[in-house]
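Q: These are the residues of each chain, in order.
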Amino acid sequence: MKFTMSWLKDHLETKHKDNQIIDKLTDVGLEVESFENISSELDDFKVAKIINAEQHPNADRLSVCDVDIGQQKIVKVVCGAPNAKKGLLTVYAGPGSVIPKNNMKLTVSKIRGVTSYGMLCSESELKLSDESEGITELKPSKYLDKIGKNFFKNNTEKVVDLSITPNRPDCLGVRGIARDLAAAGAGKLKSISHKNIKKDGSQNIKVSITKDKNQGCTIFASCLIKGVTNKESPKWLKEKIESLGQKPISAIVDITNYVMLDLNRPLHAYDADKIDKEIIVRNSKKGETFEALDNKEYKLDDGMCVISDQSGVLGLGGVIGGTRSGTELETKNILLESAYFIPRSIRKTSKLLNIDTDAKFRFERGIDPQSVELGLQKASQLISEICGGKISNFDIQKIKQYKNLEIKFSTSLFEKITGFKVKENEIIKILKDLGIEVSKKKSELNLKVPSWRPDISQPIDIVEEVVRIKGYENIETIEPKKNRIKDTLNKQQKLFHFLQRSVASKGYFETVTWSFTDSKINNFFKENLKEIRIINPISSDLDVLRNSIFSNLTFYLKKNLDRGFKDISLFEIGPTFKSKQPGEQLTVIGAIKSGKISRLNWNEKDRSVDIFDVKKDLIQTLMEAGYDKQSFFIRDKSPSYYHPGKSGSVYLDKDDIDPVAYFGELHPNIVKKLDIKTEGVVGFEIYLDYLKDTKIKLKDQKLNFEYSDYQKSERDYAFVVDKNYKAQDLIEIISSIDKNLIRSIKIFDIYEGENIPDGKKSIALNVTIQSSEKTLEENDLEKINKLIISTVESKSGAKIRS
Amino acid sequence: MSDIKKIKDEYLNKLDNDLDTESVNQIKTELFGKNGQISNSFKTLGSLPNDERKKFASDLNSIKEELQEKINSKLQEIEIKEINSKLENEKLDVTLPEREIKQGKIHPVSQVIDEISSIFSEIGFSVEEGPDVENEHYNFTALNTPDNHPARDMHDTFYLDNNKEILLRTHTSPVQVRTMLNGKPPFKIIAPGRTYRSDSDQTHSPMFHQVEGLHIDKDINMGHLKGCLNYFIKSFFEVDKIKMRFRPSHFPFTEPSAEVDIGYELKDGKIVIGEGDKWLEILGCGMVHPNVLKNVNVNPDKYQGYAFGIGIDRLGMLKYGINDLRAFFETDYRWLNHFGFDPLDVPSNYRGLSR
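These protein sequences, in sequence, are chains A and B. In terms of the working numbering, the first sequence opens at residue 1 and continues consecutively. In terms of the working numbering, the second sequence opens at residue 803 and continues consecutively.
Just chain B, same shape as in the assembly (with noise of 0.2 Å):
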């Protein structure tokens, strides 16, 4: 018995060393190989009487578990040892770049139609397009502008044929028409798109993009044209409060007919919406003639109401403080990436115009 405790207290001795795999392996040989100390005293078991050989037998059998507990536990921290000083050796420089990133940017006209989608979204309207190609009828005779009436010289038009009956449309009230001849009142629409002018310096561009509103009902008049501007520009501008100046003017499609100013100031040599005291014109809306009216086989005695067309590269324009409106249109990697948003930035009622 002092014998194979000797050997444990020995061995247990021995494992406390700062020990290598190959060392403890040896030890465990050295006690439960084929001659090792412990299988040995296994061996003596059949000498002892009987009486003393269960007591051993017990005893032995515990230091053996003892020993081979410690051995177990040692090679394990000796593997964890290892594994740390190998994870040591291969601590990389993760400040070096991570892979390619490959950014996508949405164009500030699209973000600011989904923007103005949005907000006239919240209050009833749906969008309705048009195509981009016209005739004249659609594009002036039915929205009150006959042949040579001068109201036509306020469009620089483009023409698609020698006859002068198919353009590229000058502004987006067509769909208005178009609108209302396929369809019943009441109408709550907008409609976003392209326009063209045969125009081109700094603050004219030969193609541009408007929205067209339109609400007619039975008895929507100029106070519920003046709400539902006011509340746009407000959504739109992300503000409390606007100053906003409606100022009698002409269209021949609207009568009476407005242009909208909004009040700003110049910080920094930026335009800021809301307060100050200079005036910005940014639209014009009116009530829809009667003529008009007419001419889609709409009642101008039953039903009424307004429409408006505000220039949306101008509006991206004021909130963006982008102050070149041509280089919306020239495809400069530089500028499409600096004035650009995030594909995943939609704007929506829920979450915001903008983040």
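Looking at chain A on its own, in the form it has when it is part of the complex (with noise of 0.2 Å):
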């Protein structure tokens, strides 16, 4: 919402100066955006200074100069003048400003070869004077430092551009403000005077309001002015339109166009002549079509709100008019329109035919209903002044009462909201100052709420309006307890901030990515789920919600590698989707790891990246998590964009149905098909929702401290298995066969090739074997030797290696 002071003051006495009203309209809640000069085309000329002036290459009688326009880089000017010398003071125009004399457009252009931006203009291209013969010299001593600086004095009034929230249409006009400022004790609200009207004749175009379903309109007030003559409008008026930055178009839309910003109350002017005999408000029928005021032809659907003769539709009420009965300069008599449509109406029109008008606007935001009147009278009155005529008497259709709301309220629930303190009569005169009908009936205010003020339905909008006049700064600052009933984090919660700070203390850098992705990669990770595409996506590789974590974090780890990083771990730990319900997704950790490990190191070799990097970080994390090493348990099954043979799964426990990890080398078709250059992609995914509480708690009691200092003795063994068999079997197998003496196992080598049988390999351990009860003697090692052997050999087919 724009507006000049000189407009506000049409409506507020006020002595207040225009820095003082700023600030009320920012303390009652109408928030200022702008207070500026609008820009005008002139402001494109600037005073400049030739630096450098050297003959044209191509041209004897052009120069090509360098002109400082007071910003960083010089501009080069291709310029024709004799006087356009080296020091010379003048006035420049850029590309894009159109030169008065002659209304042409600047642009970038070359000159005989030469490139020139923009103009060193004379004094007769700026209408100062008849002097062509060169360009402009400006003195030295008034403009050398105004350089860059305007060259013309911007003469428009400074505009307030209010931005308005939704549920004060009232302020959408001028007066609506001054209402509200005078209300804050910015001033005096001016009445509104009322010259008599002289009304001549009956409106006799018909007007009828259909009983159809859902009518969007309720009231449509009319009337006619014959024997007008539409001209341009008269100075006080372009001006008042032209200080909004709007273009003034004729005196009838002007007016229309003032009293709307004047006072909220849009209106509609016919060219009485092309109306159809009647004028017919009805919903529209599927198909109707017409031309609308912005050149566009418009199909209709049922429903919809229309004003309409007997030939079809002239316009969609409230929405835009249409062309076949708009006004012109040669309109001699006019049916001036002012209703009020219902905002639903309005919205759904609107959305549907996806139009936007100022009008569209107003009325979804809510009209006054009971302005019609009003409207009619003061856009009458106006154009018959400026554009004689003879005004008919007013003609109300009307289908609904529009009564005001009235509104008990207890002063006492102020204070109860606000936390302080506002005496009645004050409370009673803000109200009032608001247009709000007061009376007092014993502990309460009866309130007649005015019909402008739609956002107003109950006692707490009455608190917010006192508050508001009022001022927020009266609200005490009441410190806060420091008590806690709860505990800030639930179990889930602090799962999710211990993960991430303990796979990122493993070399990860965190990123956060969108939630949504390209669906061309998405399909590489997605799995059996189903795609969940956005309607309305912010660009086409944007378009589905993510499936899986690794999505994103394959596109940017590619667009890193593309930078010229080489070694990237990457992790985010986020939401990825099960299906559009509210609440299908999972919490899911995904990290990416790529390149070398030691990489142009001095003292180690560099080895690519492989899964057991990301498997140790992996576990580790678990561990740091809380959760027993002892009792995971590795499957080789995980998803298909996993290299099928390097890549495997975590289970809590080897009796768990749902992993919590994947681990692994991505798939290598994948890295292929995304063209990731680098010698290695590993990664893991943990899912926190399948993660348990952990068996153990930090708050519980550990277990008794137990340890032996008996001696303990290490044995070694080789075991040919087969090639597929699986390492952690062997491991279980081993520790199972007595859990007291065999403390720890380590596998040191494995071995294929020589001395092996094809399809099998060497699993080389180191077995800790030590009593908590005595020293073993060399029968009892030999003992738990033999069974290790024995129990090995029988349950997994091994053969100890001699």
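Hints listed in this document are in silico derivations from the structure and should not be mistaken for laboratory results. Treat the hints with care, as some may be off.
Result set (BS3-like, lysine-lysine): computed pairs, CA atoms no more than 25 Å apart in a straight line [said to hold, decoys possible]:
no., chain 1, residue 1, chain 2, residue 2
1, B, Lys966, A, Lys578
2, A, Lys432, A, Lys442
3, B, Lys872, A, Lys423
4, A, Lys558, B, Lys816
5, B, Lys816, B, Lys872
6, A, Lys481, B, Lys1104
7, A, Lys481, A, Lys530
8, B, Lys816, A, Lys580
9, A, Lys672, A, Lys566
10, B, Lys816, A, Lys442
11, A, Lys158, A, Lys146
Treat the numbers as computed from the prediction; the structure is a model and nothing was measured.
Could you use the hints to bring the two separately framed chains together as a complex?
A: Set out below in structure tokens:
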């Protein structure tokens, strides 16, 4: 909403200075976006200095000037004036400027092979004088310190631009703003002067509002003005329209706009001679078409509120008029419409047809239904004053009565909500200043809400009005109490924060990427999940919700590789989506690692990242989060986007149904399709939703501390097993032989090749044996040794390597 | 006797010289070998008369001990010397780089969320979360923003179905609705999380983060709201004083509503929070609308309170001097390294928000 201070003062008698009014507007909740001169075409002309002038290489009479226009860059301008010399102060017009003399719009152009950015202007081109021989010469005494500044003074009045919240349609008119300011003590609201207008004859075009279902129009008031001479608006009106940066069109259009901006009362003027017999306000029929004032043809659905005559649709009520009945300079007789349209209906129609007009914006927020007559009065009076013509009686068709809403308000509610007290008579004054009728009844106030305030519907709205006008600075600051009834984080949230920092501590950079992704990349990772399309994506490559955490991670891995980084460790913790149902999402950590370990390191040999790097990070993270590694179980099943032979899944317990994590090398085909060029890409995922509570809590008492001082012995074994045999199984077999004696098992070598049969491998392990009761003697050791060999051989089909 | 004393003096002298292990061992043989001088002297013991024998034996023993001790210490001395000279040759260039360091980083958004949670934890708020995908009822209707209300235009919404019933939440406020529907007052929660609007330019990103706050009890008024936010902003920016301004505004789900500005000044192109005469809008808040309370089965005649919503990314930008919002989500390794936090820097009440 834009207005000038002088326009405001048509409604507000005030001694406040501009800046006080600006502050007051902010204080009452009318947010000031800006208060400045509207830019004028003349702002394009700048004071400039020629800092160098050289002969044009291809033209004797032209020179190429380096011009300082007060910006960092010096511009080059080709100039034909004989006085274009080094050191001259003159007037510069940049590309896009319009030269006042001939309305020519400047562009960047090549003049005989040299590019010229803009132009240096003569006095005649600027319409300052007839002098056209050379470019304008400015006196250094006056202009030397003004290089880069506007040459022409901007004479426009400063414009206030307010951002009006959708609940305040009344402030879409200057009067509404003046009313708020007056209530807040910034002056007095002037009353609207009622000149008696002479009405002559009846409005003889029949108007009817049909009783259609969901009729969007409830009041249609109109009058005829016959014998008008439409013309250019008078100076005062043009200036008003121009002051808001709008273009005057014709007196009749300007007057309807003026009344709308002044009182927030939209009007529509028809050329009465173009109306076919009568006005029917009705619902549209499917397939009806009409050409609107934006010169577009609209095809209507059924149930839209249209103003029509016997020939068809004239306009969409409250949204946009039609060309068929539009007023022109030749228009002689006009029908002036002042109506009330139901916001819901306006919104529905404009959404369906995708039309956004000033009238729509206003009606959708709620126009004062009781202002129809005032609007007709003010506009018809202005039209007859400016364009002449005879005004008919007003015809008012209504299918609904609008009564002012009544609210019972107990002033104690104010203190209850705001925490401070305002005296009752002050509350009453504020409410009255806002146009609310107040009558006192015992401890309550009976309030009658003015029809221009559709936002006020219950006592809490009255509290808001009073506290807003009184000022939010009156609310006292109550220090918060420092007591806590409930834990800040629940278990799952604690786990989230812990895992996040645990993964990061292993050298990964945390990233946050969109929850949506490119369906093409998502397809690599979505497995059997359904694609979740966004109906209106921000761009075609962010068109689905991510089914996996890896789609964006791999995308950004590639981006960083392309930036020249080689060894990258990234992770994200966030949602992935199973379906479009609310809540059907998982919280997942995805981590990805590329390149080499110890690249270009002087004391360590480099190697590509491999799955045991990420397996270590994964297992360590789970251990740090309190899960018992001893009960972890690894399977070689994993989603298809991993390398089928170099990936696995982690179960917290052998008997668990769902794995809590996957790890492995990214499938080489995907790496290739994504055009990721690096030595290796490995990664892991942790599914937080599947992580059960840890069995042992930090707060629990620890187990008794037990240790053995008896001598421990170590034995090495090498078993030859099938190539696909799992080390995990071997360890499990050995450790379950005697949990008391076998303290640890370490695999120290895996060997295939010479001396080992095809399809077999040798697993070498070291077993630590220790008793907590005695030092084991040689025959005890020999016994367990034999047991280990025989058990392994019988259970796994392995052969001890001799 | 004089013979053995002579031997003693002679060899003690010899051992005082600069010798290597080999020469000391040579001396050892000369003295204590099979035909060594001391060994031989012991052999003479038998031929001595009884009265002399005892004394000679005693003298001889003490000389033997003295010499042995001298030899041992000499050997030790040489050993230490040899080690020292060997170490001398083992000198490394300790300025060579250490083994590879892989320092991880926490994203600024996560760090700021932890800071926020830590601050609100101290004044008794707990953290709630809700789904990113919402239905329009929780995101709008229950929050007093009915369909066909222009306030819906304030949010550019991503939809997941053509009926516009399922959407990506445009704010964290639906968590208010879910929390209140699932519990009984009082409520004192914050809800940080991802939010989405189909808007993308220098200062808008299609995804961003908000933290919702909600405090409902029997007597929570606008003064509590002011106090809570004042406390939060001061704690967050780690300053003692903050200039704050509450401006009336409008949100469908609060009444009265306010926007909060904080004072700042520009120093060397950076925003300095606290003083200065410029205002920066940082959050929206208000008293929860009675209609919202009714929608979640809380009696507005008995319970009242406030809610607020703060842009997390923006807070982070202000506190840590980050200029470009979009860079938050672009995963530039250099950016993550520059603006990220060490994982061990966990914001907490007792050790402070930041180092």
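Q: Compare the structure with each hint and give your call.
A: The hints, checked one at a time:
1. B:Lys966 to A:Lys578: 19 Å, holds
2. A:Lys432 to A:Lys442: 18 Å, holds
3. B:Lys872 to A:Lys423: Since the Cα atoms of Lys872 (chain B) and Lys423 (chain A) sit roughly 107 Å apart, the hinted pair is violated (cutoff 25 Å).
4. A:Lys558 to B:Lys816: 77 Å, violated
5. B:Lys816 to B:Lys872: The given pair, whose Cα atoms are some 11 Å apart, holds under the 25 Å limit.
6. A:Lys481 to B:Lys1104: Roughly 21 Å between the alpha carbons, so the hint for Lys481 (chain A) and Lys1104 (chain B) holds.
7. A:Lys481 to A:Lys530: Not satisfied, since the Cα-Cα distance of roughly 48 Å exceeds 25 Å.
8. B:Lys816 to A:Lys580: Judged against 25 Å, a Cα distance of about 97 Å means the pair is violated.
9. A:Lys672 to A:Lys566: 16 Å, holds
10. B:Lys816 to A:Lys442: 125 Å, violated
11. A:Lys158 to A:Lys146: 22 Å, holds
The earlier numbered hints that this structure contradicts are 3, 4, 7, 8 and 10.
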